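Engineer: Spelled out, the chains give:
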Amino acid sequence: MIVDARSDGQIVAAVVAGDVDSYTQLVHRYRDRYIRFAVRMVGSPDEAEDVLQSAFVRAYRGLARCAEPERFAAWLYTIVVNECRTYISRRARREQRIVYDDSRLEFAAAEQPADADMWREEIERALGQLPVDQREAFLLKHVEELSYEEMEEITGASTSALKMRVKRACERLRELLEGVPQ
Amino acid sequence: MTNDKSHFGPPAGKADDRTEFIERVSAALRAPEHVSERFDDRVMGAVRAASLEPRTELKAVTGHGDRVAQWWRRPTIQLSPVHALALAAGMAAVAFLGGNILDGAGVRAVPAPAIAQTSDTVHVVRFVFMDADARRVTIAGSFNSWETEALPLVRAATGVWTVAVPLPAGRHEYAFIVDGERWAADPSAFSITDEFGTATSIVTIGEQDTSS
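Sequences listed follow chains X and B, in order. Throughout the first sequence, residue numbering follows the working numbering, covering 51 to 232 in sequence. Throughout the second sequence, residue numbering follows the working numbering, covering 20 to 231 in sequence.
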């Protein structure tokens with residue numbers, strides 16, 4: 051793909067003006083940034099891609115309502131977070147257990163040292179047992195390394211609420227992972 | 020390539036107050052993930068399909084809008100929705116006034132708002148927005164597919180903008196757009212933050228109004 055030197059704001063303006071093809075630049079810029087968060091939230095790379103695709107399409111539909119086009123990345127992050135929540139909520143209502151992609155884990159087992167593989171598996175299982183808001187807060191804070199101010203912006207929750215969620219997530223992860231060989 | 024304004028993510032260096040255990044957990048989860056080869060094609064296929072649908076929200080918003088939080092500085096007055104029969108009499112007077120609105124250039128005739136003639140009851144709501152510095156104000160909402168330019172407000176007096184909109188019964192979301200770039204919720208109405216992080220106001224017509 052040819053690197054596009056335009057700013058996010060310029061690309062947003064072009065897309066809103068009718069240049070749909072320019073939107074692919076935004077997809078290319080941010081797909082890798084947000085896929086990891088989506089995978090960790092929903093537990094499956096395939097499902098995470100579906101969620102991320104839905105987020106990009108939803109962002110396209112609402113592009114004219116992006117109040118600060120130069121901050122498209124943050125605005126898109128809000129949509130990705132909401133899409134993950136919605137997907138998880140719908141999946142829970144279908145009474146499906148959160149099952150991680152077994153084929154992916156088998157591949158990982160074949161390629162990675164056994165100890166590292168088990169540790170990663172256990173972490174992902176523990177993460178899947180956290181309430182959605184705690185999982186989300188933990189990932190944003192300690193994996194995506196956002197500030198609480200940034201987390202406030204994209205989740206809509208207060209800093210005090212986010213800190214409590216992160217604290218409880220850390221405590222619960224410690225309980226679940228205590229004794230697992232690292 | 021992204022510009023500095025769009026940076027949103029981890030700062031350089033290690034975060035503070037992170038225990039060793041949490042750091043080990045986090046480090047494992049920070050392993051990169053990648054989308055499949057056809058991800059971009061699938062997304063753009065869906066986007067192009069969406070672009071062929073009747074345009075709803077995709078309209079130009081020029082410039083860089085202020086943070087919507089600025090709306091609280093601009094007090095507005097919104098008249099509560101009333102029953103269509105009661106408003107019909109009121110609208111007759113409003114139509115008279117609407118035809119003689121004075122702006123900075125003098126008296127200007129403004130066509131009275133059209134009221135849909137349907138078998139369902141249609142209520143007419145007058146929205147009022149106050150902003151002494153605005154040059155142009157429009158209203159967009161769920162009732163007009165969020166068209167940002169279709170419903171301009173008229174300056175009824177210095178700093179007072181108004182428009183009457185016929186609405187069917189039900190719940191409607193809306194926001195004002197100032198000078199084509201700044202989205203503003205109605206401080207006198209019940210407001211929410213929509214899925215795009217924008218503050219929008221709610222008016223409920225035809226049933227007990229709990230929106231203000």
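Honestly, the hints are just simulated from the structure, not real lab data. Take the hints with a grain of salt, since some may be wrong.
[Said to hold, decoys possible] Now the stretches of chain X that chain B is said to cover, found in silico as 3 or more residues with beta-carbon under 8 Å:
hint	region
1	67-76
2	107-120
3	214-226
These numbers come from a predicted model, not from an experiment. Using N, Cα and C, we set each Cβ at its ideal position, and we do this for glycine too.
Engineer: Could you run down the list of hints and mark each one as holding or not?
Structural biologist: Outcome of the hint check:
1. 67-76: holds (count 5)
2. 107-120: Answer holds; 13 residues pass the 8 Å Cβ test.
3. 214-226: holds (count 3)
The earlier numbered hints are all upheld by this structure, with none contradicted.
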